[in-house]
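Engineer: Could you build the full structure based on these sequences and the hints that come with them?
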Amino acid sequence: MRKVVYGVIGLFMLIGFALSATGAAVSASSRSPMPDVTFQGIEGQNFRLADWSDKVVLVVNTASRCGYAGQFEEMQELLDRYADQGFTVLAVPSDDFRQELPTNEEVRRYCVMAFGIEDMPMAQITAITGTKAHPFYAWLRDRYHFEPDWNFNKVLLGRGGEVLRTYRASDAPMSEAMRRDIETALKG
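Numbers -20 to -1, 1 to 168, taken from mature numbering (1 follows the signal peptide of the UniProt record, and there is no 0), label the letters of the sequence shown in order.
Please note that a few of the clues may not be correct.
In silico SDA-like cross-links for lysine to any residue, where the CA-CA straight-line distance does not exceed 25 Å [stated by the list, open to error]: (1) K112 to G66; (2) K112 to R78; (3) K112 to H125; (4) K167 to R78.
Hint data in this document are derived by calculation from the structure and do not stem from the laboratory. Bear in mind that the values here come from a model prediction, so they are computed numbers and not experimental data.
Structural biologist: What follows is the structure in structure tokens.
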């Protein structure tokens, strides 16, 4: 009997973990436009999210030394596939989980050499959690109760800047579900 009870408890825990790891759709009633925020670009430029209000944007907190760093290739593939339809990806390197290279220059060089990232907008190394979180991530935490718990968490923004969906690190950028969400946002 004990084995059955533990088995059922384990099954519920596994289901709960699977659901929490997939991110979440944001209901239309709870959506709100994001504040006017700017990310400092890795090459000195600025990325003001309001300037992309006509685009669908995937914001991804990244780290070069993370086991999920291979997702850079899929992020670039998404960008290549959908850019002409009004889509972009913003990579936000962060050392909050101690897996980023020490300087912006090293991050940029590594991403170009290892993953062929040439034209993907990329912010400077940025705090994404806690009291020093960038205003975008502080807003996500306060408004949507979403704070990255690891590298390569993703946030899909619709045209106008509303949060459509959040994704966990394990959600592959080229997954069928993510492509479907992007395509739906591009049509809407």
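Engineer: Next step is simple, just say for each hint if it's right about the structure.
Structural biologist: Checked hints:
1. Taking the CA atoms of K112 and G66, the gap is about 31 Å. The hint is violated against a cut of 25 Å.
2. The hinted pair formed by K112 and R78 meets the criterion: a straight-line CA distance of about 15 Å does not exceed 25 Å.
3. At roughly 16 Å between alpha-carbon atoms, K112 and H125 fall within 25 Å of each other, so this suggested pair holds.
4. Restraint check: the Cα-Cα separation between K167 and R78 comes to about 38 Å, which exceeds 25 Å; the hinted pair is violated.
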